[in-house]
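Peer 1: Chain by chain, the residues:
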Amino acid sequence: MPSGTKWSTSRSHGYDPAALPTGTPRRLLVTALGAVVIASLVWAPSAFADAFTPESGGSQNADDIDTLYKLTLYIGIVIFLLVWGTLIWSLVKYRAKRGVTADQIRGNTPLEIGWTVGAASILVVLTVVTFLYLDDIENPPASGPNGLTASQAQFASVDQPDPPRDGGPVLRIHVNGQQYIWRYDYPGNPQLFSYHKMVVPTDTTVILEIEASDVIHSWWIPKFGPKADAVPGYTNESWFKVPGGREGTYRGQCAELCGLNHADMRAEVQAVTPDEFQTWARRKRAQIQAAGELLAEQRKRGEGVEGQ
Amino acid sequence: MEAGSAAERRTAARPEIVLHGLRQPQRGWLRWLTTTDHKRIGILYLFATFLFFILGGVEALIMRLQLAHADNTLVSPETYNGLVTMHGTTMVFLFVVPVLAGFGNYMVPLLIGARDMAFPKLNALSFWLLLFGGIAFYASVFFEPPQAGWTMYPPLSDDAFTGGGGVDAWIFLIHLTGLSSIIGAINFIATIHNMRARGMSWGRMPLFVWTILVYSYLLVVALPSIAAGVTMLLTDRHFGTGFFDPAAGGDPLLWQHLFWFFGHPEVYIMVLPAFGMISEILPVFARKPIFGYKAIAASTVAIAFLGLLVWAHHMFTTPTPTVVLAFFMLASFTIAVPTGIKIFNWIATLWRGQIVMKTPLYFAAALPALFTIGGISGVMLAIFPVDWYLHDTYFVVAHFHFVLFGGSVFGIFAGLYYWFPKMSGRMMSEALGKLSFWLMFVGFLATFLVQHSAGLEGMPRRIYDYDEELGVEVFNLISTIGAFILGVGVLVTLVNVLWSLKNGRRAGNDPWQGNTLEWFTSSPPPPNNFDVVPRVRSVEPMKDIRREVAASAKPVETIAQPVAPRSL
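Respectively, the protein sequence lines represent chains A and B. If you want this note's numbering, it's the position in the first sequence, counting the first as 1, plus 2. If you want this note's numbering, it's the position in the second sequence, counting the first as 1, plus 76.
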């Protein structure tokens, strides 16, 4: 079928191959655009690597997620270059020329089978890699030698009803999302809890049991990797283990729209050495106990006043 | 081709039923209000949905302004949450889904050689339900717009946490537009199954019609789930039930399952017809048949089927057993295969073509490019351990704008530039069209590429403000500037439409040398579409007709004359 049949051009004021704009500026623009995209992808990662990959470094599972992400990113970049490359090449190279008719190719079965199998095998590779990393991301390891130990008297209640696969002590913290603040309940007596800022010992596996008391929230500290939704009526689980020597403050915020001040529902985790943690816990327990006693006394006195 | 036999059959032509004089045509605005003509209804759809598109776009721009720098106080948190909800709801329910119904309404009967849809009055009902759904929803602006996000997760959307009528207005919108879509879908299914031109077997049906058929089946399957969900939400809010309230024995995750069982097929509902449009456009402008017609049609069906099995990948961070997560990861992976097949086939269509660089081609060629990026980020998000990091961040926002704007909206704009001459009888300005394309393309990339980075740095979705320490201010500023470039690009197309309606060159029947039957009739088509419907002998009937005309050197009508219409 010749392109530019007499019939079509004479009956309508449509396209005329002779009047085609095939000027170089347009071609340059397309080429330049492609070049910029490719260049930025090849060159920029080294310059701003952080902006192209997840945050990590706060916990082993975050590092694994980062690695898994990077693997898919590299495969993705190859596919991206392949698709954009052939697309731009076709658009630049195969412009209509006067009097030339395109070959009327309708398909190619081996080619169809080829790219179907090709796409499927990439996904098989991704599946295998994901399952290789899954165990390390999902299941908490044991606390390290420099972490909190079960034998430390004050934390006799560091319980392990569901111990990590290697056994050993863990610190279980109960996280509760409320509009618009996080509450953390630690095990043991006397009562120990805190709001907003969670203090944890380094080199210790921290298992979080995440719940919500009003609407759905989502617990997330980017440097610790996974987030976990806090859904009323459910207990969700997550874990992290800050390596020894990485003491410091890790920040995050609620990741599920939870109402007006969702954007202000921040969270902070302060990782300290086990010794500092014990000191903090002891002081905090005493403070909470004292405050509780004070409150009980005031209440008693208040009731007495009302009674008179 | 068969000029001799055609001439014989011409003499045996049967008379047609003629409608003249049966009913006085309506005049003025009443003509539009009472119309049952699929073309007028199609125009009404396009007009209304593009108005909603502008509203949704303005909402997006206000949000981008608010996020341009940290600690901004342009809008209050109430307003921002309202904007988030209105923008998402508008774009999904009042723009992308119904604008495709609009194109389907106008084009499907023309593409299959029918004189109208199967049920013209139901067709009108579909449009008016949509419009009133939109009005009911936007009326909430005058009291209290909904603020729980377009996903409306309870308990937040329950009356205990979000009072006022906004959520109820949203529920009415879902019911009204849902009814509209189901009725419209049944109409498409009946039309496409029964009213195709003689000779148009399934293997010769235009790919856009294939995608509209699949779109319709998906709507029928998916919509009842959200209809049930919003009804439960309504009774939870006002009649004391506790479907989603754990304190009353209900379950907030039930909502998420019902919502996403609809919500993920909805993604394919929004993108498949756009795929169909560019499957029509690319071969026309490459002057080459579509590469792998059967593979593209089959992959459409495959995507639709698999699309029903992936909904819980929106729920990877909820308390859900790992084996379930693994199933939904693998199902989501599987979808990448038929999608990849489509992209490769489109590129193969352009490969070794004789490409005519007109505006519809620009938009059509941008779709596979942008969708590829959204597809790659989609595979990343399907890996559930990675999603545990990325879920509900700006990475996800970037991802779904790449598939829904880069995919659907670029496809819709390609369709608009491609079919505008048929609808109006006039060509659109090429200069304005290309200007609009480059503004939209560059603006789009500037807006959404950097949002991946914002998400990776730890910026969650749906926040009205962020900490300067998060290190995302520069990404947000770039994104805001990009959004305004994108907005100007859209505006240029709207100006182009208005300008071309009056001043465009006359298009004639077939300005692009199209392949399909809509180019056989005049532009705009007469009320009955075709006086005679040609027999279809291939997937490119207009190419056959042009070839016959060239061979016989007779006017086109005489060739078409012989075949009596199959339907009226």
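Since the hints were made in silico from the structure, they are not lab data. This structure is a prediction, so every number in the text was calculated from the model and none was measured. One thing to keep in mind: the hints can contain errors.
[Stated by the list, open to error] Computed cross-link-like contacts, DSBU-like style, restricted to lysine-lysine with a CA-CA straight-line distance of at most 30 angstroms:
hint: 1; chain 1: B; residue 1: LYS510; chain 2: B; residue 2: LYS578
hint: 2; chain 1: A; residue 1: LYS95; chain 2: A; residue 2: LYS199
hint: 3; chain 1: A; residue 1: LYS95; chain 2: B; residue 2: LYS510
hint: 4; chain 1: A; residue 1: LYS99; chain 2: B; residue 2: LYS197
Peer 1: Are the hints correct? Go through all of them and say.
Peer 2: Against the structure, the hints:
1. LYS510/B to LYS578/B: With Cα atoms ~19 angstroms apart, LYS510/B and LYS578/B stay inside 30 angstroms; holds.
2. LYS95/A to LYS199/A: At roughly 60 angstroms apart (the allowed maximum being 30 angstroms), LYS199/A and LYS95/A break the hint.
3. LYS95/A to LYS510/B: It holds: about 19 angstroms lies between the C-alpha atoms, which stays within 30 angstroms.
4. LYS99/A to LYS197/B: The hint is violated at about 48 angstroms.
Of the numbered hints given earlier, the model fails hints 2 and 4; all others are met.
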